[in-house]
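Given the sequences, and given the hints that come with them, work out the whole structure.
One-letter residues, chain by chain:
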Amino acid sequence: MMPQSATANILTVLDTDFKGIIEEWLGTQVKEGVKRSDLFSDAESRNQNRELLKAFSKGIREGVAGEDFDLDDDKWDDLRAVLADVSRERVNRGVTPTEMATFVLALKTPLFKRLEALADSDHSMLLRDVMLVTRLVDAFAIYTNEIFINEREQIIDRQRQEMLELSTPVVELWDRVLTLPLIGTLDSARAQEVMENLLQTILERQAEVVIMDITGVGTVDTQVAQHLLRAAAAVRLMGAECIISGISPMIAQTMVQLGIDVGTVSTRSSIRTALSDALLTVGYVIKKTEAQ
Amino acid sequence: MPLPSYAKFDESDLGAQVLLSQHRLKTSGDAVTARQAVARYMKENGASALSVTRFATAVSEIVRNAINHAGGGEFSIYVDRRRKTLTVVCWDNGPGIADVDLALSDGYTSGGGLGRGLGGAKRLAGRFEIRTAVNAGTSVLMSVNL
Chain A
1 MMPQSATANI LTVLDTDFKG IIEEWLGTQV KEGVKRSDLF SDAESRNQNR
51 ELLKAFSKGI REGVAGEDFD LDDDKWDDLR AVLADVSRER VNRGVTPTEM
101 ATFVLALKTP LFKRLEALAD SDHSMLLRDV MLVTRLVDAF AIYTNEIFIN
151 EREQIIDRQR QEMLELSTPV VELWDRVLTL PLIGTLDSAR AQEVMENLLQ
201 TILERQAEVV IMDITGVGTV DTQVAQHLLR AAAAVRLMGA ECIISGISPM
251 IAQTMVQLGI DVGTVSTRSS IRTALSDALL TVGYVIKKTE AQ
Chain B
293 MPLPSYAKFD ESDLGAQVLL SQHRLKTSGD AVTARQAVAR YMKENGASAL
343 SVTRFATAVS EIVRNAINHA GGGEFSIYVD RRRKTLTVVC WDNGPGIADV
393 DLALSDGYTS GGGLGRGLGG AKRLAGRFEI RTAVNAGTSV LMSVNL
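Those sequence lines, one after another, are chains A and B.
In this text, residue positions in the first sequence follow the numbering used here: the first is 1, and each later residue adds one.
In this text, residue positions in the second sequence follow the numbering used here: the first is 293, and each later residue adds one.
To be clear, the hints were calculated from the coordinates, so they are not data collected in a lab.
Glycine included, C-beta positions come from ideal geometry on N, C-alpha and C.
Watch out, some of these pointers could steer you wrong.
[Stated by the list, open to error] Chain B stretches covered by chain A per the calculated footprint, using a threshold of three residues with CB under 8 Å from any CB of chain A:
id, stretch
1, 350-357
2, 405-411
[Stated by the list, open to error] Straight-line alpha carbon distances no greater than 25 Å define the calculated SDA-like cross-link-like pairs of lysine to any residue that follow:
id, chain 1, residue 1, chain 2, residue 2
3, B, Lys318, A, Ile149
4, B, Lys318, A, Gln226
5, B, Lys318, A, Lys54
6, A, Lys54, A, Thr98
7, B, Lys318, A, Ile156
8, B, Lys335, A, Gln253
Right, here's the structure in full:
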């Protein structure tokens, strides 16, 4: 007897042995080595699988018309929501995309077995059901991967933002002495951020000397030099003195060849000499204690 | 009207060079990638720290020019293992340079920069050649001994 709708057999299988499918799905995951018992407890895994399968069968019940379906459809909202949660958790715990896809694809075996039993040697029906399950689970896996990649991209983006902020700290070294340790590449966007941050801090701390340290800047080309000299000029306009420190012999020679003139900006080879100069300017000296 | 053409640097200018890598130039991040690729290769092949800094800075200047003035381009790194030289070619389809001698002279700037970039790159690189045509683009070739 042929059922009315293409999904009837699949739904029958899901309804009659929901628990059995989950257990077997978990079992396949163990066999394929993608059940991360190091990251998830048994109860957690079982719970995730149950939620996913529930949403999956709801999607099949409501979201498959004829043999067509589209996971972007409203009818699949539940599955997408559960999947988003599960993926996010797994990404954060360091599960790989391959593990995640294999985890979803492992659902095929338990479904195939039960459909085979149900089909009772009606091969054309079995073939049709298997094809539909394959398409559904594959779409499910592809969707999972997409979520996974999005999730990772968000992490990368967040880290980039954090790095941008991290890389421009203005540190108060002493009373009225600030230092700005620059690291990496000084492009226009960062230079602007550095400058704003620096000028604001000069105002807040009533700074008199600012040390811009470029030990961590690998390449000083004309654009970087221009940003540095502009920042130095702005610092001077605010009434503070600016020292650029950390100019290595290589960078010094390169700057000379480029024809960069630092004008009246003070420069020092190391932050150490810059610091002792800066302290002197604000009226302090570093002295050895008597006991030593 | 067809664009005025100019001879970009190609294989015939390079001799027995092997292409190491090619980089798309679009954002300032691409400039960093190109520069780092050159620096990494030079370091791996025993170039001195000074030589690496000089050549990487020259590369930084020309790729930044392509990105800032021409809206992007392409950057290729070649190596001649026998003669032990590294050659880079940077080209763009930008506005080109009307007067190359003027552009190479210190203090000349078209866009508010220091006006040292192109001339500086020429002084920093061992070999520096430029081909350009107005409204067609600019192609720069630079070499350094490893």
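Verification of the hints:
no.	hint	result
1	350-357	holds (count 3)
2	405-411	holds (count 5)
3	Lys318(B) x Ile149(A)	holds, 24 Å
4	Lys318(B) x Gln226(A)	holds, 21 Å
5	Lys318(B) x Lys54(A)	violated, 47 Å
6	Lys54(A) x Thr98(A)	holds, 23 Å
7	Lys318(B) x Ile156(A)	holds, 20 Å
8	Lys335(B) x Gln253(A)	holds, 18 Å
Against the hints set out earlier in the document, a violation occurs for number 5 only.
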